[in-house]
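Asker: Given next are the chains, with one letter for each unit.
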Amino acid sequence: MQRRHTDSAFEAELSELCERLVLMAERAAVMVETSVSALVARDTVQARQTLALDARVNRDELELDEMCLLLLAKRQPMASDLRLIAVVLKLVTDIERIADLAKNVAERVLDLNAEPPVREMEDVAQMCALVLEIYRESIAAFATLDVVKARTVIERDDEIDAAYHTLFRSMLLQMVSDTATVERGIHVQSVVKYLERIGDHATNLAEHVIFVAEGLDVRHRGLASQEGGSDGQ
Amino acid sequence: MESEQEQEAGALGMASGSVLRGLPTGADGTSIEALGLNAYYGQKQVLREVSMKIRGGCVTAVIGPSGCGKSTFIRCLNRMHELGAGARVTGRVALDGQDIYAPTVDPALLRRRVGMVFQEPNPFPTMNIRDNVLSGLAMTGRLAAGQADEIVERSLRAAALWEEVRDKLKEPGLGLSGGQQQRLCIARALAVEPDVLLMDEPCSALDPIATARIEELIHTLAGKFTIVIVTHNMQQAARVSHDTAFFLGGALVELAPTNRLFTSPRDSRTEDYITGKFG
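Chains A and B, in that order, give the protein sequences. End of the first sequence = 601 in the working numbering, gap-free, step of one. End of the second sequence = 397 in the working numbering, gap-free, step of one.
If you are wondering where the hints come from, they were derived from the structure by calculation, not from laboratory data. As the structure is a prediction and not an experimental result, all values here were calculated from the model. A few of these clues could be false.
Claimed, not checked - Sample of chain B residues facing chain A (criterion: CB under 7 Å; computed from the structure):
id: 1; residue: Phe236
id: 2; residue: Glu238
id: 3; residue: Asn240
id: 4; residue: Pro243
id: 5; residue: Gln353
id: 6; residue: Arg357
id: 7; residue: Asp385
id: 8; residue: Ile392
id: 9; residue: Thr393
Unchecked claim - Far from chain B, some chain A residues (derived; all Cβ distances over 12 Å):
id: 10; residue: Asp375
id: 11; residue: Phe378
id: 12; residue: Ser448
id: 13; residue: Asp585
Positions of the beta carbon are idealized from the N, C-alpha and C atoms, including for glycine.
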């Protein structure tokens, strides 16, 4: 059974912090979803809606940062509480970057809509579905501190990388064979790069879930690493 | 032996006291080892099979809820526990490998090697500052003629009190502030040149500034002495110590490097206690 903090106010503050991070992450997920929907449908209105959503995510970042600083100052947390707050401070940056990348996708939509349609858009939509699925898995892993799910997310980043390389090469060949497609091809290549970067941020989220839950820092080491946190002395 | 992380930190030019590298440790110093230590007050057992090593020249913090046996534990390290009515100890405590409970050991001599500072500053009320510092030596007849002034100055300097009291050594110890009185007690403990300093919640009666001065003093003394500090203040334990021991119900639950214990404790009972999920 999960033990609760003796101070119920602190328990509630930590719960609120987690819930608000999940909410922020879901807002960024909606931005990714909307931006790619706009891309596939060549929908300029939807693209502009994506751009408008970014301000709310930026505000989330500022508010969550402030919550973390206040919790550190007032509660002087230890152990898993300390790891959670330190991780939220990092994750808000990752999630804010995801929102920025969705915004970048939407900006490319505005450029692409001025060009003829691109044949590979169905493949881009598939890659986006994959990225969104994995990103939402990472959010779910954080919400429940599910390390099994987090490890799956980290392992599945290879699928995103493979989709990226396939699409990148496909667009390259397209541009080589038909130079008239160069401008839109570069835009699509940028979009798939943005999606690939979103996958990297989802991986960061999953790595931090493992750190919060187990105190195990798997960044830059791979999942095989069994070394714990700093022994320090 | 430096860890890989310590070596890297050193190569990057980090000072030995940096947060990442941890506090500097003494090259040597008196190590303490408890082995199967049990302590009783009459029928009541207050320590249960405690076995742990305390590194020489380092600061070890002992934390745990009230009644967990942490004060009893340090009182066993200089045989003060047995002074209580009906109190007894079984098991072994070794200072640099020598059993302090061996029949040949004189407890009074042991307590010179293992000094103690208590929760409430307790300078002798009828003595002035100078006599307070010298009291331990005077009581044991070890105060050599002509050395008193030097010992007073050296001890007060070591306790970071000299500059504040050098012009009023003849004034009563009780005339000092609470924080100064506690440093006077530390000077008194240092005057007999101990190897180990036991501190039982030395800052619990002090304000934050006086507490900061004592913590700074602990940093200064670490390396020269082996220090064991009992504290209810976990942030203090995290700030001042190299190792931290968590006690619960008279037993040692976890002893670990402080940097790890407060970020990723191994035992769920330690985690519950330091995150306030206890009780």
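Asker: Next, verify each hint and record whether it holds.
Answerer: Hints, one by one, checked against the model:
1. Restraint check, phenylalanine 236 of chain B versus chain A: the minimum CB separation of about 26 Å is more than 7 Å; hint violated.
2. Contact between glutamate 238 of chain B and chain A, as hinted, is not supported at the beta carbon level, the nearest pair being about 25 Å apart and thus beyond 7 Å.
3. Contact between asparagine 240 of chain B and chain A, as hinted, is not supported at the beta carbon level, the nearest pair being about 30 Å apart and thus beyond 7 Å.
4. Evaluation of the proline 243 of chain B hint against chain A yields a violated restraint, the C-beta minimum of about 36 Å exceeding 7 Å.
5. Among the interface hints, the one on glutamine 353 of chain B holds; its C-beta lies about 5 Å from the nearest C-beta in chain A, closer than the 7 Å criterion.
6. Restraint check, arginine 357 of chain B versus chain A: the minimum CB separation of about 11 Å is more than 7 Å; hint violated.
7. Interface restraint check for aspartate 385 of chain B: the shortest CB-CB distance to chain A comes to about 11 Å, outside 7 Å, so the restraint is violated.
8. Look at isoleucine 392 of chain B: its Cβ gets to within about 4 Å of chain A, closer than 7 Å, so that hint holds up.
9. Given the 7 Å rule on beta carbons, the hint for threonine 393 of chain B holds: about 5 Å separates it from the nearest Cβ of chain A.
10. With a least beta-carbon separation of about 6 Å from chain B, aspartate 375 of chain A fails to lie farther than 12 Å from that chain, contradicting its non-interface assignment.
11. A beta-carbon of chain B is positioned within 12 Å of the beta-carbon of phenylalanine 378 of chain A; the least distance is around 7 Å.
12. A beta-carbon of chain B is positioned within 12 Å of the beta-carbon of serine 448 of chain A; the least distance is around 6 Å.
13. A beta-carbon of chain B comes within 12 Å of the beta-carbon of aspartate 585 of chain A; the shortest separation is about 9 Å.
Hints 1, 2, 3, 4, 6, 7, 10, 11, 12 and 13 from the list above are not met by this structure, while the remaining hints are.
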